[in-house]
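Can you build the whole structure from these sequences, using the hints too?
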Amino acid sequence: MNMLEIENLHVVVQGQEILKGLSLVIRTGEVHAIMGPNGSGKSTLSYTLAGREGYEITEGRILYQGKNLAPLTPEERATRGMFLAFQYPVEIPGVTTMNFLKTALNAQRRARGEKELDAMSVLKSVREAASALNVPEEMLRRALNVGFSGGEKKRLEILQMTLFKPLLAILDETDSGLDIDALKLVAGGVNALRAPDRAMLVITHYQRLLDYIVPDRVHVLDKGRIVAEGGKELAHELEAKGYAGLARDAA
Amino acid sequence: MNERATTEEFLLQDFAADNASRAAPRPSWLDERRRRAVQTFRDEGIPNRRIEQWKYTDLRGALEGQVAAVSPKQILHSDRNPFAAVSAFQLSIADGCSQVPSSQIPLGIEMFDLGQLDDGAPDWVRQNYGEVLSRSAMGEASLAMMRGGIAMRVTAVTTPPVHLGFLQEANAVHCRLLLVMEPGASLVLLESHGKGRGLINLGVELVLEPNAQLTHVRLADSAPDAVQVEEIGMRVARDARYRGHFSHKGARLSRLELAIELEGEGAEAELSGAIVLGGKLHADVTTHIDHMAGKTVSRQLFKNVAGGNSRAVYQGKITVRKGADGSDSRQTAKAVLLGTRAEADLKPELEILADDVKCAHGAAVGDLDADSLFYLRSRGLPENEARRLLIHGFLEEVVLEIDRDDVRLAVRDFLESGLAKALESVS
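Residue numbers (the working numbering), protein chains in the order written: chain A, 1 to 251; chain B, 1 to 427.
Please note: incorrect hints may appear among the correct ones.
If you anchor each label on the Cβ, the simulated ranges turn out as follows [said to hold, decoys possible]:
1) A:Ser149 with B:Val157: 41 to 49 Å
2) B:Ile352 with A:Gly147: 51 to 59 Å
3) B:Lys358 with A:His10: 37 to 45 Å
4) B:Arg404 with A:Arg109: 31 to 39 Å
5) B:Glu52 with A:Arg112: 52 to 60 Å
6) A:Leu193 with B:Asp356: 37 to 45 Å
7) B:Ser417 with A:His205: 33 to 41 Å
8) A:Pro136 with B:Asp356: 37 to 45 Å
Calculated directly from the structure, the hints in this document are not laboratory data. Just so you know, even glycine gets a beta-carbon here, dropped at the ideal spot from N, CA and C.
Quick look at the structure:
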């Protein structure tokens, strides 16, 4: 079954067309990687999938679990199992990380018609996820992302992913700003979530992350279109030739 | 001019009739002071927007028509006490009148009913009453037409907070509060204002002798039919410390004015507060902190949230006088608008005449951050819940200024319920 089908997607942001006919299919249980240079449209794709305002689909369509994604609000997408790990997680002063996690978790459960979890059950689930990702208890008491290091922010994104158990996880440059130890930790967290009923889209500029999260398919994005596709070896080829070299081959 | 005469004279006549009917005492020592207060009120009149300090808040406009329209008294609203969970000595002041109990007053505190102000008033009342608050039109009105109020003297370090709960049913009430903190004394003063209607004009005088410490937390519930004016005048002596918190949900018109004189070396004033408004409510906090002596410290943190057609105002003036060297003053005011029809005004003002001072101030009005809103929604929070959480976070910085756990919880709950209402009035 297809988790995500993107057909001939055109997206306009602030009057400028950024995605120009992007097509992609991810089947349930698969991990796909999108690689591309700066400005190729990687972040536009992730924001469009998550439903950010101002990302207008002018042509083509996105099917998520076989249904048109466009009419859904960001929160509806989240409650239907979509999760975006942000490249730059947002700082929210005055809201403790724990309070945020509990509010989000219960908002999703409520929207799905499930029973809300009490504070103790939430705490238990959060603690389990936190210890695996080396997130200290003290971090959960601080305001969300405020004063967190780059690595701490990314770990917290993966912690959320662990907690929300999404069906489709999109990781937008989760490797940026991480040293090798932090990268391994984050990749370990992601790999632990690989499952037959879950799909992932890993967006990255560098091949390095894909040594740790090994994808089933690699797509190369350039100027708003997929210009090359292949197996995991494509990432290495790209690393050797660079984006320019690959673009020449494709032409 | 005719209209103007009508409203001021109406208030004076209304008071005279009420006073006669209650056969209120008339202390001779106060006669001259009262006459001058009436004169000032008549001469200056109810403030209007042509007066610089009142440019965002049209008190005259709000009172004309409202106060003059005689209406029957209503039953007091059954107000929820915002400090219900705080174990405090509680005193209700209804239409300016209170029953000061003869016993049960916490040790180290004396209380005197200003409604019984006569020639037998204690010296500490006679020395301070009417001498601290600036002689503005409304401050003088509260003295000239005082129906009652409370005077308190604190002579020791006291433990249980004192809670003054103001209630109102009359058309127009002028009321006074005098608090004298003797050297080294300390007190937690809680002040609450319920729904009410008509005009309540409260004049507050606070005297902090050397090393005294006063924590003052004021919560004013939304009062869509009321015009609330409160002017607070304060003298802070050497090494004394005042911490004030002021949160409001607004009234038809609410004006809180604080004039603080840091007159002794090392005197401190820390102010924080939040205004959370919806509907057509209006709230104005105006402060003036005067650093008169060296090494004085002031801190201000105010955050306002306006939804619907409401308007939230903060004006803060800081003066550092010549010779007040080593003074340190910080002021931050921020406002968030929940819709295009709401309005927020922030006006910080600095006047520095000393050479060696530290002053920092900032003010900003804005919308909720779009990135933050999208982030929270992408985590499954519906838009209204995401907004609510962001504003909760915005206000939390102010709430965290309050030291006592029980009072902090009370303030947080108070603001949360105000927020729910403010968000409702945003379509």
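*Please write out, lowest number first, the hints stated earlier that are contradicted by the structure.*
Hints 2, 3, 6, 7 contradicted; others consistent.
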